[in-house]
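Novice: One-letter residues, chain by chain:
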Amino acid sequence: MNTRAYDIVIIGSGAGGGAVAQELSSLCREAGLRIAVLEKGPKLRDDEFTGGELEMSRAVYEDGGGFLTADGAMTLAFGSGYGGSTVVYTGTSLLPPPRVIEHWNVPGLAHEEIARRAQKFIQQNNVHLLEDPLINENNKLFVEGCRKLGWRAEQFPVNVKGCRGSSLCNLGCPNQAKQGTNRVQLPRAEQNGVEVVTRCEVLRIEGKSLLARVCEKPADGKGEPSSWPPGDYRIDAKATVLSAGAVHSPALLLRSGFECALPRLGHGFTSHPAFILVAEHPRPITNFVGHPKSFYLDQFAESDRFILETCMYFPFVTAKSLAGFGSEHSSFLRAFPRLQMILVLACDHVDEHNRVAIDSAGRPVVHYHFTPEAAQSLIRGAIASAKIFFAAGAARVHLPVAPSPTLTAADASRLDAIAADCRFVPGKTAVSAAHLQGGCAMGRSPQDSVTDSRGRVHGHPGLFVADASLFSNSAEINPYLTIMALADRVAETIREEWRALQ
Amino acid sequence: MAAPLTSRDPVAPVLRAFVCTVVPEASDLDEERWSELRRLIALALRDRPAALRRRVRFAFYFVQWLPLFRYARPFTALDAGRRARFLSFLENNPLQTVRTGFFGLRTLALLGYYGQPQAAAEIGYAATARGWDALR
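These protein sequence lines are chains B and A, in that order. Each residue of the first sequence is one higher than the one before, starting from 1 at the first, in the numbering used here. Each residue of the second sequence is one higher than the one before, starting from 1001 at the first, in the numbering used here.
Take these hints with a grain of salt, some might be off.
Cβ pair distances, simulated, as ranges [to be verified]:
#1 A:R1055 to B:A395: 37 to 45 Å
#2 B:R444 to A:L1052: 15 to 23 Å
#3 B:D448 to A:E1122: 53 to 61 Å
#4 A:P1094 to B:P230: 47 to 55 Å
Hints in this document: simulated from the structure, not taken from any laboratory. The beta-carbon is built from N, C-alpha and C at its ideal position, and this holds for glycine as well.
Work the whole structure out from these sequences, hints included.
Specialist: Set out below in C-alpha cells:
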C-alpha cells in the first residue's frame, strides 16, 4: 500500500470540488499547506474533444452517459473527469429563486448570501447573454412560439468565451469555449500549488485516512495517465471535502459505514427528471449549429412544477428519446435538419422512495420512483411544449406520452383534450436527468440531515461536503452556480476553522 | 456479451432481426456496417457490470423464444409485421420489468445504428467544431 499525506484532500473536481480547490489554494502559498484534489476520471487533452457522440460520451460521462436508476426507468447523466459535470453541461448560469432557498429551510442559509457568493463565479466564468446573431433558429422558434402564446421566454446567461457555436457542449466543448472548472478554477488552483490527481478513485474513508485506487490508463482510453503510479493508496488528511456529486458523495459515505450515525444519508435525492421533445418544421432550420440552450420558460415552475429549456441533442440520444420504433420513428430522425427540440424538466420534490444506496460491492444504486406529481409535471410540460412547437409553425410533433405520439398541425387546437389521454409510463418513455441533487442534505441535526448549513458532516470534525448532494430539496433550475456558491461557503468555513481542524 | 459480439455469437442473428425491426433502414447495411454496429454495442457493454451484460444476453434469448408461445416460431423466423407486433407487445407490457428490458435492447439497437458517423450523415446531422463557420 502506497501512502501519502496532505493537509486537505478534496474528492472530485466538478463545480463543488473545483470551487473549493480554488478558494483554498492560496493556503498553499500563504501557509505552506498541502492540498490535493482526487478525481476518479481522466484529464483530456484539448485535441481529444472531438465531438464524436459515442466516443466522447464514453470519455467524459460516468458509464458513458448510461448510468441507470435501480429499476432501469431513468438514465442519470453526470460527468466523470477533470472538471466533472462542468465539462458536459451547457454552461447555463442561473440561481434559484428566493422561494426555493426559503423552502429548503436550512438555518443560517439565505438566498441573498448564495446570490452574493455566486457573483464571484459569474465574473470568473464570463457569464453573459449571447449576442443575437449567435442565436440559432432552434432557439428563436422557441421564443417565437412562446411569444405567440403570451408566455415569456427568458434568455439563459451562459459561461462561454469565444463560443463558435459547435452545439457540442454536452460532449465537452471542442473549442474550449465553455468556462467550466476544467478551464477556470482548477488551473488557478494548480497554479497556486494544489495537486490534482486524476484516475484516482476514493474507495473508503477511515477516520482521517482515505483508501484510494489509482487506475492505469486503458489502452484505448482518452486522457493523460495519472500523475501517481497505478495502485492502492492510504492518504492521510487533516480535512476532507467530498465533492464527488449527488451519487458518489453519499455512496462513499455509505461504503465507509457512516449510515449508523447519519440515518438521512442517501435520502432526499432529487433530479429534475426530463425528457426531450422533438418537432419537425416544413423547412430546414439552424439547429446543430449555435449554442444549443439559449432560452427557457420557468413561469410554470411554481404552479405546474415544470421548466422548459431549448436543447439540441445528437443522433443517438435523439433516437433514444423518441418513443416507439420502426418507420415512424425513423422518419423523425431522417428529418434532422428540420427538427426543433425542447427539454421538459419536472421540478421534483424530496420523496422517501428516492435515495442513493449501495450494492454488495459498494457501487452506488439510485432508487427513483416517479411520484404522480412528477409524472403530471412531465405531461403538462409536454403539452405546453407541443403548443410552443405548433405556435412556431411545426408541421408535426412527437409527444411520447400521447396515445399516438405523432401529432400533426390539425391536433394543435385540441392539445388540452389530448392531455387528458396522455400517460407517463416508466420504462416506456425515455427519461433522463442531469441535475442530480441531495443525498447529503444540509439541516439542523443528524435526525434530519447529513451536514450543517456550512457543509460540516454532523459529528465528524474535519469532514465536509461541497457539491449538489448538499441541496435540501430540488433547486428547480440548473444547479452549478448554486453548487459553487455553497462550495465557496464551505471553503470559507475551512479557512476560518483551520487552526482547530489541525 | 463479455467478449466482443461477433457474427458467430448465437445472439447475433436475434440482434440483427431486432435492429432491422427497430430501424428498418438497417436492412440495407453492408457487412462492414453490421460489424461496426456489433462492435459499438459490445463496447458500450464492455465496462458495465457483468450482471447487466448477463441480463442483456438473457433479454435477447427472451425476444427470440417468447414468440413461440404466440406464433409457434422464434423471433428470427417471423415476418416483419409479426416482429413489429411482438416488439409493441413488449414495449407496452403491463410489467415494468418487461418494458425496461425492451427499452434497454432498443437503446442498444439505436446506439449501434445511429452511433455510426455514416448514419448521422445519412440523416443530415453535420455538427462540427467549426460551428457557425461551417455555414459561411
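Novice: Which of the listed hints are broken here?
Specialist: Number 2 - this is the single hint that the structure violates.
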